[in-house]
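Peer 1: Listed below are the residues making up each chain.
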Amino acid sequence: MAVQARPKYVGGAVKRREDPRLLSGRGRYVADIQLPRMLHLAIVRSPMAHATISEIDATEALAEAGTVAVVTFKEIRDAVHPLPSIDLFPDSKPALHTALADGKVRYVGEPVAAVLATDAYAAEDAAELVGLDLEPLPVVLSIDDAVAAGAPVLYEEFGTNVANTIRQETGDVAAAFSAAAHVFEETFTIHRYGPVPMETRGVVAEFNATTGRLKVYSSTQFPHLLRAFIAGTLSLPESKVQVIAPDVGGGFGAKCEFYPEEVLAPLLAMRTGRPVRWVEDRREHLISTTQAREQKHKIKAAVDADGTITAVDVESWTNNGSCMFTLATTPASIFSAMLRGPYRIPNYRSVSHSVLSNKTPLAVYRGAGHPQAAFVMERTVDIIAGRLGIDRAELRRRNMLTSDELPSDRGTEIVLAGKVNYDSGDYPRCLSMALDLIGYEAFPARQREALRAGRYLGLGLCCFVEETAIGPFESAIVRVDGQGKVTVLTGCSPHGQGHVTALSQLVADEFEIPLGDITVLYGDTDLIPDGFGTFASRSAAIGGAAARKAAAKVKARAMQVASHLLEVDPADLEWADGEARVKGDPSASVSLAAAAQAATAMSAPLSEDFGFHLTGEDRFQPAGIAFSNAVHAVITEVDIRTGKVDIQKYVVVHDCGTVVNPIIVEGQVHGGVAQGIGGTLLEEFPYAPDGQPLATTFMDYLLPTVDDIPDIVIDHLETPTPLNPYGMKGAGEGGAVGAPGCIVNAIADALGPLGVHLTDDGPYSPAKVLGLVRRTQPGG
Amino acid sequence: MAEVHKLSITVNGEKFEHWVPARLLLSDFLRDTIGLTGTHLGCEQGVCGSCTVLLGGEAIRSCLMFAVQADGAEVTTIEGLGEPSQPNAVQRAMHDAHALQCGFCTAGIVVGLTGLLQNCAHPSSEEVLDTLGGHLCRCTGYVNIRKAAAAAVASYAAEEE
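Residue numbers (numbering that gives the first Met the number 0), protein chains in the order written: chain D, 0 to 779; chain B, 0 to 160.
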């Protein structure tokens, strides 16, 4: 076998190939698509959180100039199925929603009617004229209200607001608690915030009556799954549906969901025979795109005298809002499977409920359950360390799995993804590196000195392990043309992650050819028939491996062609610099271009085994989940006069296995941390007692700006996963996982001298912090 | 709705004359009427900065202005600032520093920073942060955008000399 050439591109800080187009305004997002005779769709949304629909009056709307149609559930009842929830395991209550409300509305923003008009302004005008007669019902908003005895239920047929319950248990929890030196109990809450990409959602659907095929452009993270959902909901064969994800302006989980508008636009395009466009506005986005995170947890920990945590027993509730969305159970499932993070904790029991309420539906958001798990576990660890008087880094070290203990079967399972079996990593080393970078040893002296000057500094840590690079598979097709140029088709659907660059790097190294010889295509179900999409930190690892495997297959075929052309035994050939060469005689060679030219239908006489053309298809199906890990460390200063939390230094040491491109990975970490900081200090979806959403503009929903995010110190540890032939794990979500836990731990540390005890994740706005401080003052 | 006004406007050096409804936003005119879709709409509430264009050389939010208000004006959009193969100093710096991911907010930031540099060749870091403070980015965490902005300021100053 030829000696593997040193990678030229993998591991290198290759600048992104995507950039020139995007930097010059030449991207093509869904709202940029204009088609002849296109109609514009506007959605009439429920103004009430819970009500029965008595009447919908479209008379005035239909009389408005430009209105083409007004459609309610009555008109689509026979044509559509409810929207599926794919992680809803068998014992769940199928609280599914329909594309338009069926007799009852369950949140403010729920689609009630669809209005089609000749332009977008006219469609919005007409939508405002649709009269709704609603009979209000009692509103259920919080988890406590939803599970209270006698609470009004959202779906009468189920008689309960609990959609499902996941139970996981390993070891002997009862025995550990009865033997424990200390038992700690806490209740933690996590507030509702969400992905909020800069591009809102949008769909353009076109129907070709001659072929009977739908072409649907959608701002989605998973075109192939969307094809199946649209086909299933409209009872069409998948062959009649083409989904295209054009440039997508961020997703973060909000766009790996299947939405009503993705049913309505295609259906109305079929009914009218004209293209239909719907582009969400920001207000709609903030009330009707999936939100995230909101949970409550009661946790009990059994701890030995030396600080060893012997057992954890946790019950948790996720506020899923009005229905079970596409990936609705995943947050609760990941939380329950991953709570223990890097810690041994041999005895563990978790009961997690997904609960329905009259809020906007909740689903996955960057980290999906991991941020909640890391927050709850890492607050618990700090509280234990504080009460036992053990240094918190030392307590973490004592409980942490060492690399000798990996792989480690954790005895838990994640819905859709599978068994939790930590594959590889060096958690204690990541911790040591992070402690060094944050200046852990020197910090207590600094903190004491600052306190003497009336300044409240705090240091926070957050260690976590994260499920990444999940299957079931990703596919790739690699094709070489007669000029030796390579086309890579991938089932991934990138939307900012730089996969064109990363996949080019992997394939260029396989062929040993320049990066510029490679074109990466994606996001069209007609172009590549199978794919899974981009979410769960999976694409570079799984899609990258599929692309490189397909390239390796094509390279092997090129070697066969070369052996035929050179009339030498394949064993006497080696591959170098983009060509097959006779060992010891580099002048006798066949380039990739020559091999591709020879492997065409016209060039006899290659045996049938070669097939035609230099094309190969492959999949990568990982044998298990690859687990990334990281430690975040932060120093904050809390100004107790203004309530402002200032982040002075932020450190991330992470291990995502083999790094394909460090600048892309660091960019993912920056973005994730920024979202975690946003969620912890600024962002919230609050609701009035009647269920009215209170954050409906960017003046109320505060995304972080340039002043809110500090520079971030990053170091990588690279432990290749044995589950991937190229060693990659996932890197996309971790930044968002660690930030809430470590920032709240730092605020708690800063305000420790005032006796403040923190059990929620914020957002720690100045007003909230001031309130906490005031309550500690005499008479406060 | 029916009332239309004549709009004469120069965009990226090209003259356009259109009859437009009074309520048509400048952003929608640029995107839908004349097909320059590089200007993006992230909120239409005047907050996110994605729709930033230069009007008479000043950075403005095209979603907060009616097209008819720009009658007689000269507008520069992202399409007028540099071809993919010939980027300006800001575009080059953003590519070098990996200061974009999904690319949706990017056009607004490029236009905003370019506008700043065209009006003030040596902006202070506060002025740069002030400009960036008007742009929301959800992907990058701003770390690399700050780096790119600093590099663009340095290279713009060097080119001036």
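Since the hints were derived computationally from the structure, they do not count as laboratory data. For every residue, glycine included, the Cβ atom is placed at its ideal position computed from N, Cα and C. Among these hints, one or two may not hold up.
Label pairs and their computed distance ranges (CB to CB) [unchecked claim]:
1. B:Glu73 x D:Asp143: 52 to 60 Å
2. B:Ser84 x D:Ala452: 50 to 58 Å
3. D:Pro81 x B:Phe15: 41 to 49 Å
4. D:Pro721 x B:Gly132: 52 to 60 Å
5. D:Lys648 x B:Glu2: 35 to 43 Å
6. D:Thr271 x B:Ser7: 54 to 62 Å
7. B:Gly45 x D:Asp706: 14 to 22 Å
8. B:Ala156 x D:His756: 34 to 42 Å
To give an idea of the interface, some chain D residues facing chain B are shown, with a C-beta separation under 7 Å as derived from the structure [said to hold, decoys possible]:
9. Leu21
10. Ile75
11. Ile85
12. Pro89
13. Lys92
14. Pro93
15. Glu198
16. Pro661
17. Gly666
18. Ala673
19. Asp699
Peer 1: If a hint holds in the structure, say so; if it does not, say that too.
Peer 2: Hints, one by one, checked against the model:
Between Glu73 (chain B) and Asp143 (chain D) the beta carbons are some 59 Å apart, a value that agrees with the proposed interval 52 to 60 Å. Between Ser84 (chain B) and Ala452 (chain D) the Cβ separation comes to about 56 Å, which falls inside the hinted range of 50 to 58 Å. At about 47 Å, the beta-carbon gap between Pro81 (chain D) and Phe15 (chain B) stays in the expected band of 41 to 49 Å. Restraint check, Pro721 (chain D) to Gly132 (chain B): a C-beta distance of roughly 46 Å breaks the suggested window 52 to 60 Å.
Lys648 (chain D) and Glu2 (chain B) have their C-beta atoms about 58 Å apart, which leaves the hinted 35 to 43 Å range violated. For Thr271 (chain D) paired with Ser7 (chain B), a C-beta distance near 36 Å fails the hint of 54 to 62 Å. A hinted range of 14 to 22 Å for the beta carbons of Gly45 (chain B) and Asp706 (chain D) is consistent with their spacing of about 19 Å. Remark: the range hint 34 to 42 Å for Ala156 (chain B) to His756 (chain D) is contradicted by a beta-carbon distance near 52 Å.
For Leu21 (chain D), the shortest C-beta to C-beta distance to chain B is roughly 3 Å, which falls under 7 Å, so the interface hint holds. Hint status for Ile75 (chain D) relative to chain B: violated, with the closest Cβ pair at about 28 Å, above 7 Å. For Ile85 (chain D), the interface hint is violated, since its Cβ never comes within 7 Å of a Cβ in chain B; the closest pair sits about 25 Å apart. Below 7 Å, beta-carbon pairs count as interface contacts, and Pro89 (chain D) has none with chain B, the closest being about 36 Å; its hint is therefore violated.
Interface restraint check: Lys92 (chain D) against chain B, minimum CB-CB distance 34 Å, threshold 7 Å, status violated. Because the closest C-beta pair between Pro93 (chain D) and chain B is about 33 Å apart, greater than 7 Å, the hint is violated. Interface restraint check: Glu198 (chain D) against chain B, minimum CB-CB distance 4 Å, threshold 7 Å, status holds. With a cut of 7 Å, the hint placing Pro661 (chain D) at the interface with chain B is violated, because the nearest CB-to-CB distance is about 10 Å.
With a least beta-carbon distance of about 5 Å to chain B, the hint placing Gly666 (chain D) at the interface is held under the 7 Å criterion. For Ala673 (chain D), the interface hint holds, the least distance from its beta-carbon to any beta-carbon of chain B being 3 Å, beneath 7 Å. For Asp699 (chain D), the suggested interface contact is broken, since its CB lies about 10 Å from the closest CB of chain B, more than 7 Å.
Taken one by one, the earlier hints fail for this structure at numbers 4, 5, 6, 8, 10, 11, 12, 13, 14, 16 and 19, listed in ascending order.
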